[in-house]
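Protein sequence lines, in the order shown, are assigned to chains L and B.
One point on numbering: in the working numbering, the residue at position 234 of the first sequence is 234, and numbering is uninterrupted.
One point on numbering: in the working numbering, the residue at position 376 of the second sequence is 781, and numbering is uninterrupted.
Don't take every hint at face value.
[Said to hold, decoys possible] Derived contacts from chain B toward chain L, CB cut-off under 10 Å, selection only:
(1) Gly-708
(2) Val-723
(3) Asp-783
[Unchecked claim] Quick list of the computed label-pair ranges, beta carbon to beta carbon:
(4) Gly-440(B) <-> Pro-384(L): 45 to 51 Å
(5) Thr-6(L) <-> Asp-439(B): 53 to 59 Å
(6) Thr-265(L) <-> Glu-546(B): 27 to 33 Å
(7) Glu-633(B) <-> Glu-215(L): 45 to 51 Å
(8) Glu-41(L) <-> His-683(B): 44 to 50 Å
What the hints contain is simulated information worked out from the structure, not anything from laboratory work.
In this text, a Cβ means the ideal position worked out from N, Cα and C, and glycines have one as well.
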Amino acid sequence: MDLDDTPEQAAYRAEARAWLDRHAGEAPVLQGPGAIEDEDEIIAARRVWQGKLAEGGLAGVVWPKEYGGQGRGPIEQVICNQEIARAKVPGILDAIGVGMLGPTIIAHGDEDQKGRYLGAMLHGDEVWCQLFSEPAAGSDLAAVQTRARLQEDGSWRLTGQKVWTTNAQFASYGLLLARTDADVPKHKGMTMFIVSMDAPGVTVRGLRQISGEAEFNEVFFDDLAVDAGAVVGGVGNGWGTALTTLMYERVTIGLGGEGLGYNSTRFAGAIAGDEHARRDPEVRHQLGEIASELLAVRFTGYRTLTALQKGQIPGPEAGLAKVTIVNGAIKAGDLIADVQGPDALAEDSEWAYMISFLPGLKSAGGTEEILRNTIGERVLGLPPEPRLDKGIPFSELRSKEGAVA
Amino acid sequence: MNLALSDEQVFLREAARGALSRFKTLEAAREALDGNESALPDMWPAACEAGWPGLLIDEAHGGAGLDAFDAMLVLGECGRVLAGIPLLGHLPASAICNDSSNGASLLEALATGERRAAYLPASPPSDLSDRWSVDSRGGSERPSAPTATSAGEGAAKVSGKLSFVPDAPGADVLVGVALLDDKPVGVTIEANASGVSIEATTRYDATRSLGHISLKDATATVLDASEESLAAAWYLAQALIAAESLGSVETALDVSVQYAKERHTFGRAIGSYQAVKHSLTEVLRQLENGRSLLYYAGWARHGSPGEFPLAASAARSVGGRALDHAARTMISVHGGIGATWEHDAPLYFRRAQLSRRLLGGTGAATDRVAGELIAQADAA
Numbered sequence: 001m002d003l004d005d006t007p008e009q010a011a012y013r014a015e016a017r018a019w020l021d022r023h024a025g026e027a028p029v030l031q032g033p034g035a036i037e038d039e040d041e042i043i044a045a046r047r048v049w050q051g052k053l054a055e056g057g058l059a060g061v062v063w064p065k066e067y068g069g070q071g072r073g074p075i076e077q078v079i080c081n082q083e084i085a086r087a088k089v090p091g092i093l094d095a096i097g098v099g100m101l102g103p104t105i106i107a108h109g110d111e112d113q114k115g116r117y118l119g120a121m122l123h124g125d126e127v128w129c130q131l132f133s134e135p136a137a138g139s140d141l142a143a144v145q146t147r148a149r150l151q152e153d154g155s156w157r158l159t160g161q162k163v164w165t166t167n168a169q170f171a172s173y174g175l176l177l178a179r180t181d182a183d184v185p186k187h188k189g190m191t192m193f194i195v196s197m198d199a200p201g202v203t204v205r206g207l208r209q210i211s212g213e214a215e216f217n218e219v220f221f222d223d224l225a226v227d228a229g230a231v232v233g234g235v236g237n238g239w240g241t242a243l244t245t246l247m248y249e250r251v252t253i254g255l256g257g258e259g260l261g262y263n264s265t266r267f268a269g270a271i272a273g274d275e276h277a278r279r280d281p282e283v284r285h286q287l288g289e290i291a292s293e294l295l296a297v298r299f300t301g302y303r304t305l306t307a308l309q310k311g312q313i314p315g316p317e318a319g320l321a322k323v324t325i326v327n328g329a330i331k332a333g334d335l336i337a338d339v340q341g342p343d344a345l346a347e348d349s350e351w352a353y354m355i356s357f358l359p360g361l362k363s364a365g366g367t368e369e370i371l372r373n374t375i376g377e378r379v380l381g382l383p384p385e386p387r388l389d390k391g392i393p394f395s396e397l398r399s400k401e402g403a404v405a
Numbered sequence: 406m407n408l409a410l411s412d413e414q415v416f417l418r419e420a421a422r423g424a425l426s427r428f429k430t431l432e433a434a435r436e437a438l439d440g441n442e443s444a445l446p447d448m449w450p451a452a453c454e455a456g457w458p459g460l461l462i463d464e465a466h467g468g469a470g471l472d473a474f475d476a477m478l479v480l481g482e483c484g485r486v487l488a489g490i491p492l493l494g495h496l497p498a499s500a501i502c503n504d505s506s507n508g509a510s511l512l513e514a515l516a517t518g519e520r521r522a523a524y525l526p527a528s529p530p531s532d533l534s535d536r537w538s539v540d541s542r543g544g545s546e547r548p549s550a551p552t553a554t555s556a557g558e559g560a561a562k563v564s565g566k567l568s569f570v571p572d573a574p575g576a577d578v579l580v581g582v583a584l585l586d587d588k589p590v591g592v593t594i595e596a597n598a599s600g601v602s603i604e605a606t607t608r609y610d611a612t613r614s615l616g617h618i619s620l621k622d623a624t625a626t627v628l629d630a631s632e633e634s635l636a637a638a639w640y641l642a643q644a645l646i647a648a649e650s651l652g653s654v655e656t657a658l659d660v661s662v663q664y665a666k667e668r669h670t671f672g673r674a675i676g677s678y679q680a681v682k683h684s685l686t687e688v689l690r691q692l693e694n695g696r697s698l699l700y701y702a703g704w705a706r707h708g709s710p711g712e713f714p715l716a717a718s719a720a721r722s723v724g725g726r727a728l729d730h731a732a733r734t735m736i737s738v739h740g741g742i743g744a745t746w747e748h749d750a751p752l753y754f755r756r757a758q759l760s761r762r763l764l765g766g767t768g769a770a771t772d773r774v775a776g777e778l779i780a781q782a783d784a785a
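Kindly generate the complete structure, drawing on both the sequences and the hints.
If you want it as structure tokens, here you go:
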């Protein structure tokens with residue numbers, strides 16, 4: 001049992017650190033003095049920086065070499081993330097594309113798609129977004145209603161709405177889950193498409209959250225034309241393709257919890273700065289409980305990494321770490337606001353932002369309730385909740401739910 | 406990076422499970438609660454045969470030369486079946502002797518288990534207090550650790566009181582901290598020396614042997630263990646009781662899940678209801694968090710000693726709360742029968758309630774986590 005790098009990992013770390021030492025000066029400044037303020041300029045600068053990271057081998061660490069990646073393992077990915085954090089420079093802009101969508105295309109896409117899209121994705125020339133969730137398909141993702149209709153010439157026409165779409169406002173492409181056959185049970189009638197976000201028929205609208213900022217979008221598709229070559233993983237196989245993306249999402253969340261900044265050191269720092277609170281038994285007790293659980297998650301992450309290194313795929317139990325992180329951060333925000341009073345809720349307070357962000361995060365990447373269902377069934381082996389949608393064609397299901405199909 | 410069990414560790418755990426399965430520990434626990442304490446099996450010979458008393462003693466002195474995480478694996482197995490093996494007292498004591506250059510004379514007998522030690526638990530100073538303190542009966546302020554007066558080269562006379570000391574009854578030697586000229590030193594005291602009184606007691610959980618210790622000018626040998634080593638013994642005890650508690654959580658969860666699959670109401674297994682399923686995944690969540698912290702503590706003891714107080718205290722905090730929650734969930738999933746003498750759930754519940762109050766209590770461990778982090782923040 002150890003937390004040390006192997007000689008190969010140490011060599012990789014040294015390589016990454018040396019590259020960052022040479023190139024950190026070229027990174028865009030996003031905070032503090034000299035920071036770029038214009039939103040469009042930030043995105044442009046981060047795209048250029050992602051390209052440099054890719055050139056330096058610090059993007060797509062786990063991607064196969066033939067697609068421009070490094071062909072390395074998840075440990076090296078974590079080492080890379082650690083070194084980027086250590087150098088205090090931004091990471092890649094398109095973490096969703098490179099972390100989740102690219103690997104899905106690598107797993108299910110055809111050679112034309114891999115050749116056309118992967119390189120530009122990795123270098124930040126074309127940013128991607130994930131078009132899965134809909135207003136009526138979140139926890140029950142297989143209930144997507146965005147409809148793709150086959151045309152006589154083999155192309156498709158897409159109509160529908162997606163939501164919670166990060167980066168859609170500047171994305172070039174999206175990976176979209178659509179219903180192609182409503183007359184079969186819902187998991188069977190879906191297909192995954194690559195869609196151009198600049199095409200006529202695509203409308204992106206920012207979705208403002210509690211903080212007032214718009215970090216997500218809703219995206220509308222109105223008779224969008226998509227050619228036959230845009231299907232990823234075969235017609236009718238959309239669910240299997242989506243599961244690959246969701247597996248990579250779990251890996252990303254499982255390894256990235258610390259990256260959200262919800263850690264015991266940061267929260268303890270906020271309490272330590274208050275002369276009274278740091279001696280108050282009730283405050284200390286709450287801090288101790290919150291911090292213990294967040295420390296646990298750090299080591300759960302190391303356990304996940306160990307499993308990945310042995311070639312095992314992280315199971316749904318990784319979702320428990322997300323539950324712990326989100327609920328721990330919610331309690332920490334509450335505690336810090338109790339200590340600081342209304343100042344914690346000031347417009348420019350990091351705590352106000354965190355407090356506003358967390359209620360939504362509770363539902364992101366799987367609601368707590370769905371995660372607990374999945375873990376109860378797949379890890380503990382408890383019997384599933386009886387389901388009323390099994391084997392029923394999607395169109396019938398919709399009419400039962402009283403919706404207009 | 407490697408946080409997986411080695412083949413040897415898997416073997417150690419399986420061997421422990423096998424050795425403990427030869428005893429009917431749960432039946433004995435229930436009988437002992439009914440007043441028949443002689444029902445509790447003497448498991449020390451089995452522990453000696455397995456080599457557990459010497460787990461943390463160097464091979465050169467007859468021990469296994471293993472580390473805290475290995476000891477936690479054994480304690481976890483003890484916790485699974487509520488086995489009352491006096492390792493919680495013996496192992497921290499053996500660690501102090503192993504860290505002392507003049508503790509060697511005792512080590513071989515401690516390693517084989519021919520002599521059994523009990524640890525005199527004393528909590529090290531914190532960010533809010535510069536005192537070494539011990540558990541007492543009642544009262545809000547924790548008393549100071551026993552005091553020592555020098556009695557010639559390497560010897561001292563020790564006086565003080567400690568309450569609810571795990572595994573003290575029947576121990577051959579007591580090992581712990583005494584304050585000599587206000588400086589903490591390691592001491593060993595023969596249990597049968599004059600001035601030593603150990604009043605055996607049990608509380609609520611008959612499987613746990615406890616003692617109130619009174620020392621009046623008891624003759625002690627002064628060890629040359631460092632202050633860090635004396636503090637580490639406290640944190641080792643915290644990590645061990647955490648591991649033991651999490652072992653009990655494993656059983657509580659297994660039994661509850663099994664029942665939730667078998668028991669039907671309204672035409673379906675109760676485990677299919679979200680209310681039941683979610684409460685069982687909450688037990689799993691706390692168990693997994695606790696397990697991760699055992700890895701942290703196991704690694705930190707030698708991998709990053711400065712973090713060992715934080716890691717072990719966090720493990721204790723999570724482990725203690727996890728067992729309380731698991732025992733309560735075990736009872737509620739089973740319904741009324743879970744709260745009766747017929748069922749094992751009350752035995753785990755009793756274990757949970759007592760364990761949380763021993764060795765400073767989980768509340769103090771939680772406070773220590775905060776204190777360690779505040780100190781880290783100050784240093785940053």
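Okay, the hints, checked on the actual structure:
{"no.": "1", "hint": "Gly-708", "in the structure": "7 Å, holds"}
{"no.": "2", "hint": "Val-723", "in the structure": "5 Å, holds"}
{"no.": "3", "hint": "Asp-783", "in the structure": "6 Å, holds"}
{"no.": "4", "hint": "Gly-440(B) <-> Pro-384(L): 45 to 51 Å", "in the structure": "46 Å, holds"}
{"no.": "5", "hint": "Thr-6(L) <-> Asp-439(B): 53 to 59 Å", "in the structure": "56 Å, holds"}
{"no.": "6", "hint": "Thr-265(L) <-> Glu-546(B): 27 to 33 Å", "in the structure": "31 Å, holds"}
{"no.": "7", "hint": "Glu-633(B) <-> Glu-215(L): 45 to 51 Å", "in the structure": "47 Å, holds"}
{"no.": "8", "hint": "Glu-41(L) <-> His-683(B): 44 to 50 Å", "in the structure": "46 Å, holds"}
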